[in-house]
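Peer 1: Sequence:
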Amino acid sequence: MSKPKVRNVKIVNVEFGKNVTVIRPVNLYGCKIGNDCFIGPFVEIQKGVVIGNRCRIQSHAFICELVVLGNDCFISHGVMFINDLFSTGGPAGGNKALWKPTRIGNRVSIGTNSTILPVDICDNVVIGAGSVVTKGITISGVYAGNPAKFLRRV
Numbered sequence: 007m008s009k010p011k012v013r014n015v016k017i018v019n020v021e022f023g024k025n026v027t028v029i030r031p032v033n034l035y036g037c038k039i040g041n042d043c044f045i046g047p048f049v050e051i052q053k054g055v056v057i058g059n060r061c062r063i064q065s066h067a068f069i070c071e072l073v074v075l076g077n078d079c080f081i082s083h084g085v086m087f088i089n090d091l092f093s094t095g096g097p098a099g100g101n102k103a104l105w106k107p108t109r110i111g112n113r114v115s116i117g118t119n120s121t122i123l124p125v126d127i128c129d130n131v132v133i134g135a136g137s138v139v140t141k142g143i144t145i146s147g148v149y150a151g152n153p154a155k156f157l158r159r160v
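Just so we're aligned, residue 7 is where the sequence shown starts under the numbering used here, counting upward by one.
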C-alpha cells in the first residue's frame, strides 16, 4: 500500500490590504485581497484572483483563477465560481487557454450555494441563494433561479 501526498492548507504569496480578517483553515495563494475584508473558514481563493475592498467571503466559498471582485461585495456560504466551461466535452485540465474570466462589479451580493459561471456582473446586483448564473448581468437588480433570471430592480 502506498502513502498519499499530504498537503496542508496554507496562505502563500497573498497580497493583503489593511485590516483584513482571515479565519483558518483556508487555502489562499497568489491572490490579492483588498482593505477591510473578511475571509471565513474553509475558503479557497486561487492565484490571480483580485478581491476588492470591504468584501466578505463566507465559509466554504471557492473562488477560482480569473475572478475579479469589485468593492463592497458579499459572497455567501458555499458559493462556487467556475472558469472552465468544459468546451471540449470534459475538463480543460492544464489547458488554461480554454478557461474564461469572471468580473464582478461593486456592491454585488451572491447568495448561499450559488454557482457563478464565467460572466460579467455589473454593479448593484443581488443573486438569490442557490442560483446558477450562466449569462452576464448588465442591469442592476435582483436575480434568482437556475438559470438566474431578472426578478426586479433594487
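Take the hints with a grain of salt, since some may be wrong.
[To be verified] Straight line, CA to CA, 30 angstroms or less: simulated DSSO-like cross-link-like pairs of lysine-lysine: (1) Lys38 <-> Lys102; (2) Lys141 <-> Lys102; (3) Lys53 <-> Lys16; (4) Lys141 <-> Lys53; (5) Lys38 <-> Lys9; (6) Lys106 <-> Lys53.
[What the hints assert, rightly or not] Have a look at the derived ranges for each label pair, beta carbon to beta carbon: (7) Lys141 <-> Lys102: 19 to 29 angstroms; (8) Gly100 <-> Val12: 34 to 44 angstroms; (9) Met7 <-> Arg109: 28 to 38 angstroms.
Since the hints were derived computationally from the structure, they do not count as laboratory data. All residues carry an ideal CB built from backbone N, CA and C; glycine is no exception.
Peer 1: Is 19 to 29 angstroms respected by the C-beta to C-beta distance linking lysine 141 and lysine 102?
Peer 2: 23 angstroms, holds
Peer 1: Note whether the CB distance of glycine 100 and valine 12 lies within 34 to 44 angstroms or breaks it.
Peer 2: Hint violated: Cβ distance 23 angstroms, outside 34 to 44 angstroms.
Peer 1: Quick check on a hinted range of 28 to 38 angstroms for methionine 7 and arginine 109, using CB atoms only.
Peer 2: 46 angstroms, violated
Peer 1: Within 30 angstroms, alpha carbon to alpha carbon, are lysine 53 and lysine 16?
Peer 2: Cα-Cα ~13 angstroms, so holds.
Peer 1: Is the straight-line distance between the alpha-carbon of lysine 141 and that of lysine 53 30 angstroms or less?
Peer 2: Judged against 30 angstroms, a Cα distance of about 24 angstroms means the pair holds.
Peer 1: Does lysine 141 pair with lysine 102 here, judged by a C-alpha cut-off of 30 angstroms?
Peer 2: 21 angstroms, holds
Peer 1: Run the distance test for lysine 106 versus lysine 53: straight-line Cα separation, threshold 30 angstroms.
Peer 2: 14 angstroms, holds
Peer 1: Verify the proposed pairing of lysine 38 with lysine 102, using a straight-line Cα cut of 30 angstroms.
Peer 2: Roughly 20 angstroms separates the two Cα atoms, so the pair holds.
Peer 1: Can the restraint linking lysine 38 and lysine 9 be considered satisfied, given a maximum Cα separation of 30 angstroms?
Peer 2: This hinted pair is violated, its Cα atoms lying about 34 angstroms apart.
Hint check: violations occur at hints 5, 8 and 9; the rest are consistent with the structure.
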